[in-house]
Structure formats: C-alpha cells, structure tokens
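Make the full structure from the sequences, and use the hints.
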Amino acid sequence: MRSRIARLFLIPALAFAASILVSAQSAPTASPKASAASIKRGEYLVRIGGCGDCHTPLKLGPNGPEPDMARALTGHPSQMAMPPAPAGAGPWMWTGAATNTAFAGPWGVSFTANLTPDKETGLGEWTFDMFAATMRTGRHQGKGRPILPPMPYPNVAAMTESDMRDLFNYLQSLPPVHNKVPSPVDPPEETR
Amino acid sequence: MTRRTFAAAASAAAAMLLAAVVTAGSPAAMAAGARAVHPPRMLSETGLYADGETRRIDPANRPYSPQYPLWTDGAAKARWVRLPAGTTIDVRNVDAWTFPVGTKFWKEFAFGGRRVETRLLWKVSATDWVFASYVWNEAQTDAMLAPADGVPGVAEIAPGKRHSIPSLEDCRACHDSGRTEVLGFNALQLSTDRDPGAFHADRIAPEMVTLQTLVEERRVSPLRREFVTDPPRIDAADPQTRAVLGYLSGNCGACHNASGPLANLGLNFRQPAYAPNGVHAVARSALNRVTKWDLPGQMPGTSRALVAGDPDHSALLYRMRSRRPSSQMPPLGTVVQDREAVEAVEAWIARQAQACVRSGCALPEGTQGNTVR
Numbered sequence: 001m002r003s004r005i006a007r008l009f010l011i012p013a014l015a016f017a018a019s020i021l022v023s024a025q026s027a028p029t030a031s032p033k034a035s036a037a038s039i040k041r042g043e044y045l046v047r048i049g050g051c052g053d054c055h056t057p058l059k060l061g062p063n064g065p066e067p068d069m070a071r072a073l074t075g076h077p078s079q080m081a082m083p084p085a086p087a088g089a090g091p092w093m094w095t096g097a098a099t100n101t102a103f104a105g106p107w108g109v110s111f112t113a114n115l116t117p118d119k120e121t122g123l124g125e126w127t128f129d130m131f132a133a134t135m136r137t138g139r140h141q142g143k144g145r146p147i148l149p150p151m152p153y154p155n156v157a158a159m160t161e162s163d164m165r166d167l168f169n170y171l172q173s174l175p176p177v178h179n180k181v182p183s184p185v186d187p188p189e190e191t192r
Numbered sequence: 001m002t003r004r005t006f007a008a009a010a011s012a013a014a015a016m017l018l019a020a021v022v023t024a025g026s027p028a029a030m031a032a033g034a035r036a037v038h039p040p041r042m043l044s045e046t047g048l049y050a051d052g053e054t055r056r057i058d059p060a061n062r063p064y065s066p067q068y069p070l071w072t073d074g075a076a077k078a079r080w081v082r083l084p085a086g087t088t089i090d091v092r093n094v095d096a097w098t099f100p101v102g103t104k105f106w107k108e109f110a111f112g113g114r115r116v117e118t119r120l121l122w123k124v125s126a127t128d129w130v131f132a133s134y135v136w137n138e139a140q141t142d143a144m145l146a147p148a149d150g151v152p153g154v155a156e157i158a159p160g161k162r163h164s165i166p167s168l169e170d171c172r173a174c175h176d177s178g179r180t181e182v183l184g185f186n187a188l189q190l191s192t193d194r195d196p197g198a199f200h201a202d203r204i205a206p207e208m209v210t211l212q213t214l215v216e217e218r219r220v221s222p223l224r225r226e227f228v229t230d231p232p233r234i235d236a237a238d239p240q241t242r243a244v245l246g247y248l249s250g251n252c253g254a255c256h257n258a259s260g261p262l263a264n265l266g267l268n269f270r271q272p273a274y275a276p277n278g279v280h281a282v283a284r285s286a287l288n289r290v291t292k293w294d295l296p297g298q299m300p301g302t303s304r305a306l307v308a309g310d311p312d313h314s315a316l317l318y319r320m321r322s323r324r325p326s327s328q329m330p331p332l333g334t335v336v337q338d339r340e341a342v343e344a345v346e347a348w349i350a351r352q353a354q355a356c357v358r359s360g361c362a363l364p365e366g367t368q369g370n371t372v373r
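Protein sequence lines, in the order shown, are assigned to chains A and B.
Heads up: the first sequence at position 60 corresponds to 60 in my numbering, and the numbers run straight through without jumps.
Heads up: the second sequence at position 290 corresponds to 290 in my numbering, and the numbers run straight through without jumps.
These are computed hints drawn from the structure, not numbers from a lab.
Beta carbons are placed, not taken as given, at the ideal position from N, Cα and C, and that holds for glycine.
Wrong hints could be hidden among the right ones.
Computed spacing ranges between beta-carbons, pair by pair [stated by the list, open to error]:
| hint | chain 1 | residue 1 | chain 2 | residue 2 | range |
| --- | --- | --- | --- | --- | --- |
| 1 | B | Ala237 | A | Ala37 | 56 to 64 Å |
| 2 | B | Arg284 | A | Glu66 | 47 to 55 Å |
| 3 | A | Asp129 | B | Pro100 | 26 to 34 Å |
| 4 | B | Asp310 | A | Gly64 | 46 to 54 Å |
| 5 | B | Ala347 | A | Thr127 | 32 to 40 Å |
| 6 | B | Ala85 | A | Ile48 | 56 to 64 Å |
| 7 | B | Arg351 | A | Gln79 | 38 to 46 Å |
Here are the simulated lysine-lysine pairs, PhoX-like style, with alpha carbons at most 25 Å apart [to be verified]:
| hint | chain 1 | residue 1 | chain 2 | residue 2 |
| --- | --- | --- | --- | --- |
| 8 | B | Lys161 | B | Lys77 |
| 9 | B | Lys292 | A | Lys180 |
| 10 | B | Lys292 | A | Lys119 |
| 11 | B | Lys161 | B | Lys107 |
| 12 | A | Lys33 | A | Lys119 |
| 13 | A | Lys119 | A | Lys180 |
Encoded structure:
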C-alpha cells in the first residue's frame with residue numbers, strides 16, 4: 001500500500017522535478033549561528049532535492065513555465081485565490097495549479113508552504129527542532145496536522161541529522177518574504 | 001449505495017489513504033521501536049494478568065480512572081497501574097510527577113463490548129519509557145504487539161469509521177509534549193473532589209487508586225497531606241465552566257501547554273492541580289488569538305482561536321467538530337466527533353465566555369494576541 005502511494009504521489013513529483021532545473025538564488029545573509037559551509041550545502045540539498053519545484057511558483061515565460069525566482073521558496077502566492085478544484089474522475093485522481101503550488105486530491109486541497117524565514121508567514125519563528133520534527137514525522141512540529149501530498153516528506157525524513165541542519169540553515173538564511181499561504185482545504189464533510 | 005454512504009466511504013478511503021502516507025515508516029519511528037528494552041510480544045507476557053492468560057488481572061495492578069478522560073471515539077476504557085513494591089512517586093513537582101523505574105501503566109480500549117487494543121507505558125530507566133500497543137485477537141484470548149507504524153482500521157466503531165492502532169510516533173506526539181510522559185495519572189485527574197459534570201468519566205470503584213489512596217498507602221513522596229485535605233479542583237465560577245476547562249485540559253492540554261514543544265503556539269489549556277481562576281489561563285492564551293490556521297471562508301490571517309459569544313467564529317470549536325486530517329483537533333487518535341463535548345463547548349463559548357470577558361479575563365483592549373499555527 002505504502003509503495004503504491006509513494007508511486008502515485010512521489011514519482012510524478014520527482015519526474016516533474018527532473019524536468020525543471022531550478023537555480024535557487026544564493027542566500028544574501030547568513031544566520032549568525034550557521035557556518036557558510038553549512039548554508040552552502042543546504043543550498044545544494046535544496047537544489048538536488050527539488051524543493052523549489054513546488055515551493056517556488058511557476059510563471060509563464062517566453063519559453064513556457066519557469067520558476068518565478070522573485071518568489072523563490074515562498075510557496076503558493078497569497079493573492080492567487082484558487083477556484084474550486086475539478087472533481088477527480090476515474091484514473092484522474094489529482095490535479096495541480098499552473099504555478100505548481102496548489103494541489104487537489106482525495107486529501108482536499110494543499111498549498112505549498114512559505115519556506116523563507118518570515119516570522120508571520122514563513123519559518124521565521126521555527127527552531128531546528130520544530131523543522132526536524134515536522135520532516136521526520138510528517139506532522140506540523142511533529143505533533144499537529146499531517147503534512148499533505150504531494151510533499152515527499154519521507155524522502156526528507158531520510159536525511160542525516162547533519163543534512164537536515166544544513167537544509168534548515170540555508171532556508172533560514174534566505175531573505176524573509178511575507179506571503180500568507182492559505183490553509184489546506186479539507187474534502188467535504190459534515191462538521192456540525 | 002446511496003450518495004451519502006458513497007461520500008462517507010470515499011472520505012474514509014481518503015483518510016485511510018492519507019493515514020497510510022502519514023504513517024509511512026520513518027527513521028524516527030524505527031528508532032523509537034529500536035530502543036534497548038523491547039516490550040514483550042504478547043500482552044499476556046507484560047505482567048498485566050495474574051495467570052499468564054487474560055482472564056484475571058494481577059492484584060498488584062491497580063485500576064484507576066481519570067476524571068477528565070481523553071475522548072477516544074466512545075471507547076470503553078480500563079486502566080491499571082503497577083508501582084514496584086516499596087517505591088514511591090516523586091511528587092515534589094505537584095504537576096509533573098516522577099515515577100519509579102519499573103512503573104507500568106496499561107490502558108484497554110473496547111468497542112461494542114469487544115477488546116480491541118491495550119496500550120502499555122513502561123518506565124525502563126530514569127529517563128526512558130517504552131511505549132507499546134497490543135492488538136486483540138478475534139477470539140479475545142490475547143493481544144499481539146503492534147508494529148511501530150501502527151495498524152490502520154482494526155475495528156469498525158461507527159458506520160464508515162474504524163479505529164486504528166497508533167504508531168509509536170503518534171503515541172509520543174502527545175506523551176512527549178509535557179513535563180511528564182504520563183497524562184492521565186496526576187493530582188488533578190485522581191483528585192477525590194471529582195467533577196460531576198465531567199464528560200465521559202467513569203465512576204470511581206472502591207478498589208481504584210485515587211489521590212487519597214496514594215497518600216494513605218504512602219506511595220507519594222513527599223507525603224502531601226493537602227492531596228487529601230484540599231484535593232485539587234479546577235477553580236471555576238460555575239459547573240459548566242469547570243467541566244469545559246477540565247475537558248480542554250484532558251483533551252488539548254497534553255500538547256497545548258506553556259512548557260512543552262508547542263509552547264511557541266501560545267495556547268495553554270492545561271489546568272494545574274492548584275491554581276486560582278482556571279479560566280484565566282485559557283482565556284489569556286486563546287481569547288481573540290489570531291490563528292495561522294484559517295477558518296474556511298474567512299480571510300487568511302483573521303481567524304481567532306476563541307471568540308467569546310461567537311462559537312461559529314471560534315477556530316477551537318470548528319476544529320473540535322472536524323474529523324478531517326487537516327483541520328481536526330486533536331489531530332490524531334480519533335475519527336468520530338465528541339458530540340457531547342462539542343455541544344457543551346459551543347454553549348460555553350456562546351454564554352459563559354462572555355461572562356469571562358466581563359469579569360476582566362480578556363486580553364487588554366486592542367490586543368489580538370500572538371498568532372498560532
């Protein structure tokens with residue numbers, strides 16, 4: 001079951017990742033506690049891990065969709081209100097936004113997170129422990145709501161502690177960008 | 001199949017699908033299961049039963065019943081504790097007890113008169129607890145250790161809803177979120193000043209351990225006489241508020257407290273054993289607090305955790321009502337809404353929370369509180 005799920009959600013994401021080369025911008029400032037080497041390796045991990053494939057919105061360029069590097073790793077654009085997703089039918093089980101930052105499927109609608117260290121809308125208040133707990137467990141801060149598809153958190157969870165820390169250090173070194181990503185939308189339910 | 005049942009089945013399938021993704025074997029789960037001390041393979045080998053089978057509880061294991069139990073979809077629960085002979089519980093910190101090495105807790109879950117699961121919490125060193133879940137067999141003769149990733153959907157508990165054995169990570173999500181791993185066995189939960197309005201609480205049987213028996217049997221150190229002369233009780237202006245605060249403490253306070261890993265979120269629902277005006281801590285942390293999680297249909301960044309007099313705009317209540325993974329609270333361990341509690345909290349927000357505001361427990365004028373996720 002688990003492998004089928006992985007194939008269903010992760011392989012398309014990885015295939016898509018392989019089709020687009022993302023050139024993440026260099027961090028302008030370093031976290032005072034993080035070494036330059038750690039940040040540089042974190043940048044490398046973000047690139048080969050394809051984090052920007054979903055966390056950096058695509059825009060339409062002269063040659064087709066391309067990463068909007070002005071919004072690198074800022075997640076789903078807050079001003080881009082999404083209409084209701086088309087219902088899946090038959091083997092068409094999930095669908096994605098043109099920006100590749102919003103996805104609809106049996107889990108409802110998910111939006112990619114703002115990974116920049118903005119205190120209000122990003123990871124600015126997060127500690128490494130919170131980040132690591134989220135990636136290792138697939139739950140917010142290791143305890144809250146589940147991280148939704150297509151986030152391939154099991155891949156990130158397999159990172160060594162050192163790699164995880166480098167990844168976090170790089171993200172924390174990015175310029176903070178204020179972008180309030182919408183909350184996930186549940187599939188329909190009776191809540192009363 | 002009707003449209004409604006199909007929708008229910010589809011949503012259940014989606015939930016199971018998501019659960020399968022969420023509980024995919026992570027290194028942390030495997031590490032948790034790879035501790036030096038391993039739990040026995042069968043429940044009958046854990047020391048719970050006197051005869052090595054599953055008919056008679058070993059008399060050394062004492063039943064107890066917390067007054068504010070965690071909601072588990074209406075499961076009938078039985079709980080036992082074993083303290084090693086001659087040991088005492090260190091209660092110097094009245095709200096975070098330290099248990100002697102060798103302490104064991106068991107909690108049995110039954111639905112429809114059938115035992116489904118029994119959990120074990122076993123202190124194996126000064127710092128380590130072993131967590132284990134056992135799944136009862138069809139013949140109800142014994143239960144087998146569940147895998148670290150848990151077992152989805154072991155028993156149907158309502159139409160389209162099934163009980164799942166939690167993963168070790170899910171166990172630790174709550175039990176590692178405070179100053180003690182043990183959640184239902186503390187001064188407030190065992191107080192003999194029981195809350196008659198508490199939701200889903202069992203009656204105290206004569207053989208049960210209570211705060212009073214712990215003192216009388218000298219199983220706590222220091223021997224806090226106030227546990228008997230002044231048993232803990234949530235200080236509330238009215239019975240409804242007392243019951244609601246107790247429910248929030250028992251069901252939300254394990255994670256949402258001022259000292260655990262989620263303290264940064266700012267919400268504090270845990271009630272200490274002795275504190276004046278229990279509603280103040282809840283109100284000061286939740287009232288008008290802007291949440292990062294948005295109520296459906298509201299502008300992002302405008303949802304509040306608790307809005308006095310306005311249940312439908314209180315994210316706390318919405319998430320209590322919900323049983324969808326992205327929005328439900330608690331986020332794990334339940335797939336069925338606690339209707340009795342939802343109705344009580346709704347009524348409390350509509351009426352009593354207003355009184356709280358009038359009495360000055362609200363945040364200062366113009367303060368919106370910090371944001372929470």
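Verification of the hints:
no., hint, result
1, Ala237(B) <-> Ala37(A): 56 to 64 Å, "holds (59 Å)"
2, Arg284(B) <-> Glu66(A): 47 to 55 Å, "holds (48 Å)"
3, Asp129(A) <-> Pro100(B): 26 to 34 Å, "holds (29 Å)"
4, Asp310(B) <-> Gly64(A): 46 to 54 Å, "holds (48 Å)"
5, Ala347(B) <-> Thr127(A): 32 to 40 Å, "holds (38 Å)"
6, Ala85(B) <-> Ile48(A): 56 to 64 Å, "holds (57 Å)"
7, Arg351(B) <-> Gln79(A): 38 to 46 Å, "holds (39 Å)"
8, Lys161(B) <-> Lys77(B), "holds (19 Å)"
9, Lys292(B) <-> Lys180(A), "holds (9 Å)"
10, Lys292(B) <-> Lys119(A), "holds (12 Å)"
11, Lys161(B) <-> Lys107(B), "holds (21 Å)"
12, Lys33(A) <-> Lys119(A), "holds (18 Å)"
13, Lys119(A) <-> Lys180(A), "holds (11 Å)"
Comparing the model with each numbered hint stated earlier shows that all of them hold.
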